[in-house]
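In terms of numbering that gives the first Met the number 0, the sequence shown has 16 at position 17, counting the first letter as 1, and numbering is strictly consecutive.
Hints in this document: simulated from the structure, not taken from any laboratory.
For glycine and all other residues, C-beta sits at the position ideal for the given N, C-alpha and C.
Check each hint, because a few of them may be wrong.
What follows is a list of derived Cβ distance ranges for each label pair [said to hold, decoys possible]:
(1) R70 <-> A35: 44 to 52 angstroms
(2) R8 <-> D75: 38 to 46 angstroms
(3) A43 <-> M0: 49 to 57 angstroms
(4) V74 <-> K9: 56 to 64 angstroms
(5) A47 <-> I1: 20 to 28 angstroms
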Amino acid sequence: MIRFVEAHRKPHGVERICRILRIPPSTYYAARSRTASARALRDAELLAEIRRIHEESNHTFGARRVWTRLRAENVDVARCTVERLMREAGLTGAGGASGHRLRRAARPPAAEAAPLTAGWHRLL
């Protein structure tokens with residue numbers, strides 16, 4: 000909601016938008032004055048490194064290979080963090096395993112089943 004208020008505050012005013020959204024204007028002003036969290040700062044640093052590695056690989060590395068390269072450069076980061084940052088930034092690899100699916104051979108035709116009337120007298 001804060002981004003919405005920020006985007007529309009010039010033509011309509013903060014108080015008016017906040018009244019329509021039913022949030023106090025102090026919420027908007029508090030969010031604006033708040034400094035970035037430690038996670039946001041770390042994410043910005045990591046994203047710069049991720050973009051650099053992704054560029055060096057000619058946009059072929061996915062999250063797993065970017066993570067491996069970061070670990071080789073002694074950057075301590077979880078793979079799920081690299082996946083999240085790449086997903087949020089719209090960075091993708093060159094296809095990976097999804098392009099190399101196992102192709103199974105067609106099954107041989109099943110033998111024809113015996114007619115239902117064969118051996119019916121044994122059921123009596």
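Hints, one by one, checked against the model:
1. Between R70 and A35 the beta carbon distance is about 26 angstroms. The supplied range of 44 to 52 angstroms is therefore violated.
2. Under the hint 38 to 46 angstroms, the C-beta atoms of R8 and D75, about 40 angstroms apart, fit the expected range.
3. The beta-carbon spacing between A43 and M0, approximately 23 angstroms, falls outside the hinted interval of 49 to 57 angstroms.
4. Between V74 and K9, the C-beta spacing of about 41 angstroms breaks the proposed range 56 to 64 angstroms.
5. Checked against the given bound of 20 to 28 angstroms, the beta carbons of A47 and I1, roughly 25 angstroms apart, stay inside it.
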